[in-house]
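Asker: Based on the sequences and whatever the hints tell you, model everything.
For what it's worth, UniProt numbering labels the leading residue of the first sequence as 1, then goes sequentially.
Incorrect hints may have been included.
To be verified - Taking CB as the label site, the calculated pair distances span:
(1) Ser87 / Gln173: 38 to 48 angstroms
(2) Glu36 / Glu293: 47 to 57 angstroms
(3) Gln238 / Thr69: 43 to 53 angstroms
(4) Arg66 / Arg278: 43 to 53 angstroms
(5) Glu294 / Asp164: 16 to 26 angstroms
(6) Glu211 / Gln238: 28 to 38 angstroms
As the list claims (entries may be wrong) - Listed below are the simulated EDC-like cross-link pairs for lysine to aspartate or glutamate, each with C-alpha atoms no more than 16 angstroms apart in a straight line:
(7) Lys252 / Glu211
(8) Lys242 / Asp257
(9) Lys97 / Asp119
(10) Lys198 / Asp225
(11) Lys252 / Glu293
(12) Lys242 / Glu293
(13) Lys198 / Asp287
(14) Lys242 / Asp283
(15) Lys248 / Glu294
(16) Lys97 / Asp80
(17) Lys252 / Asp225
(18) Lys252 / Glu169
(19) Lys97 / Glu75
(20) Lys97 / Asp77
(21) Lys198 / Asp148
No lab work stands behind these hints: they were computed from the structure.
The beta carbon of each residue, even a glycine, is placed where N, CA and C say it ideally should be.
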Amino acid sequence: MSELAGEVPDDVEAVRDALIEWYEDDHREFPWRVTEDPYEILVSEVMSQQTQLGRVVEAWNDFLERWPTAADLAEADRADVVGFWTSHSLGYNNRAKYLHEAARQVTEEYDGEFPDTPDELQELMGVGPYTANAVASFAFNNGDAVVDTNVKRVLYRAFDVPDDDAAFEQVAQALMPAGESRVWNNAVMELGGVACEKTPACDGAQCPWREWCHAYETGDFTAPDVPTQPSFEGSRRQMRGKVVSVLKEYDKQALDDLGPRIRVDYAPDGEYGREWLRGLLSDLSDDGLVDVEERDSEGDGEGEVVARLRR
DNA sequence: CTCCAGGGGC
DNA sequence: GCCCCTGGAG
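Answerer: Now the structure itself:
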């Protein structure tokens, strides 16, 4: 083990408790979060591989209604399963083929009993490291820390973990309370899904990690999977419109809170940072749309800039 | 030959 | 995210 462990805050316990408490207090209800049936979990994971969760709910319900168990699916005709996939717009029907094959494996090679460790689960067709760990966690509470792009983004921002797979792996592992993969992985992924998306919603989502979060402290919310250049045109005109709509929603915003909501690649000292944002705001101010207020509340000379919509 | 990282395709 | 193929390393 290297210095990488230093990325984890010393009060890990508090960090863990805060997240789990936040998750248990309130979270999105997906049907696969209230089952512990490995087959049902696997179906949800395979469907989720590159389909928006909203669409998956209906497909998942329909699929399980049609083939309630792995044994049922194993007996189905491959063509019917692929047909289902297509008719529900689930994308690459290779995954339907894999799922069918995995069901056959479970019934014929595992005597109908799903294996319960990540290593064994990986033997199933279409089940790689990620899915194996997810099923082990959610069905058997027997997995390791999940590391996907959402988790990487959270760790990168919160604990300043370098953009390096081994580092992410190590920190994620160190953070997870042993034997709690089910609730933990659900909670971390929920965090990445509702509070720490590409555009962060720290306060709005009541992020439980704000007091430890490096990005929250510095205002730099860039992340590995956040495009440096907005894919569409980042024109000044669009940016102005965004400022107004954000201020409409949040009333009053400090520069570093506003910045990341305007551009995901906002970084206080970067090309699109405070300087850029102040220029934008002063234009809007000149046009009578926004009030910009300078203040030195701490009296430390560190003047804070706050913007709000002009009423 | 076996292992594995890297890239493309689905 | 997973599979498969390739190509280099041992």
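Asker: If a hint holds in the structure, say so; if it doesn't, say that too.
Answerer: Hint by hint, here is what the structure shows:
1. With their beta carbons about 40 angstroms apart, Ser87 and Gln173 fall inside the hinted range of 38 to 48 angstroms.
2. Here the CB-CB span from Glu36 to Glu293 is close to 53 angstroms, well matched to the stated 47 to 57 angstroms.
3. As the Cβ distance of Gln238 to Thr69 is approximately 51 angstroms, the hint placing it in 43 to 53 angstroms holds.
4. Look at Arg66 against Arg278: about 58 angstroms separates their beta carbons, and that is not inside 43 to 53 angstroms.
5. Hint check: Glu294 to Asp164, Cβ distance near 40 angstroms, so the stated range 16 to 26 angstroms is violated.
6. About 34 angstroms separates the C-beta atoms of Glu211 and Gln238, a value consistent with the hinted range of 28 to 38 angstroms.
7. At most 16 angstroms may separate the alpha-carbon atoms for a hinted pair to count; Lys252 and Glu211 exceed this at roughly 21 angstroms.
8. With a CA separation close to 14 angstroms, the supplied pair Lys242 and Asp257 stays within the 16 angstroms bound.
9. As the CA atoms of Lys97 and Asp119 are separated by approximately 21 angstroms, the hinted pair breaks the 16 angstroms bound.
10. Our distance criterion of 16 angstroms between C-alpha atoms is met by Lys198 and Asp225, whose separation comes to about 8 angstroms.
11. Taking the CA atoms of Lys252 and Glu293, the gap is about 10 angstroms. The hint holds against a cut of 16 angstroms.
12. Between Lys242 and Glu293 the alpha-carbon distance is near 19 angstroms, which puts this suggested pair outside the 16 angstroms criterion.
13. With a C-alpha separation of about 30 angstroms, the suggested pairing of Lys198 with Asp287 is violated against the 16 angstroms cut-off.
14. The suggested pairing of Lys242 with Asp283 holds, with an alpha-carbon distance near 14 angstroms, which does not exceed 16 angstroms.
15. Distance check on the hinted pair: Lys248 and Glu294 sit about 20 angstroms apart at the alpha-carbon level, beyond 16 angstroms; violated.
16. At most 16 angstroms may separate the alpha-carbon atoms for a hinted pair to count; Lys97 and Asp80 meet this at roughly 10 angstroms.
17. A distance of roughly 28 angstroms separates the Cα atoms of Lys252 and Asp225; the hinted pair therefore is violated under the 16 angstroms criterion.
18. Among the hinted pairs, Lys252 with Glu169 is inconsistent with the structure: their alpha-carbon atoms are about 38 angstroms apart, more than 16 angstroms.
19. Of the pairs offered as hints, the one joining Lys97 and Glu75 holds, with about 13 angstroms between alpha carbons and a cut-off of 16 angstroms not exceeded.
20. Annotation: proposed proximity of Lys97 to Asp77 holds, straight-line Cα distance about 10 angstroms (limit 16 angstroms).
21. Distance restraint check for Lys198 and Asp148: the Cα-Cα separation of roughly 14 angstroms lies within the 16 angstroms cut-off, and the hinted pair is therefore satisfied.
Hint violations for this structure: numbers 4, 5, 7, 9, 12, 13, 15, 17 and 18, all remaining hints satisfied.
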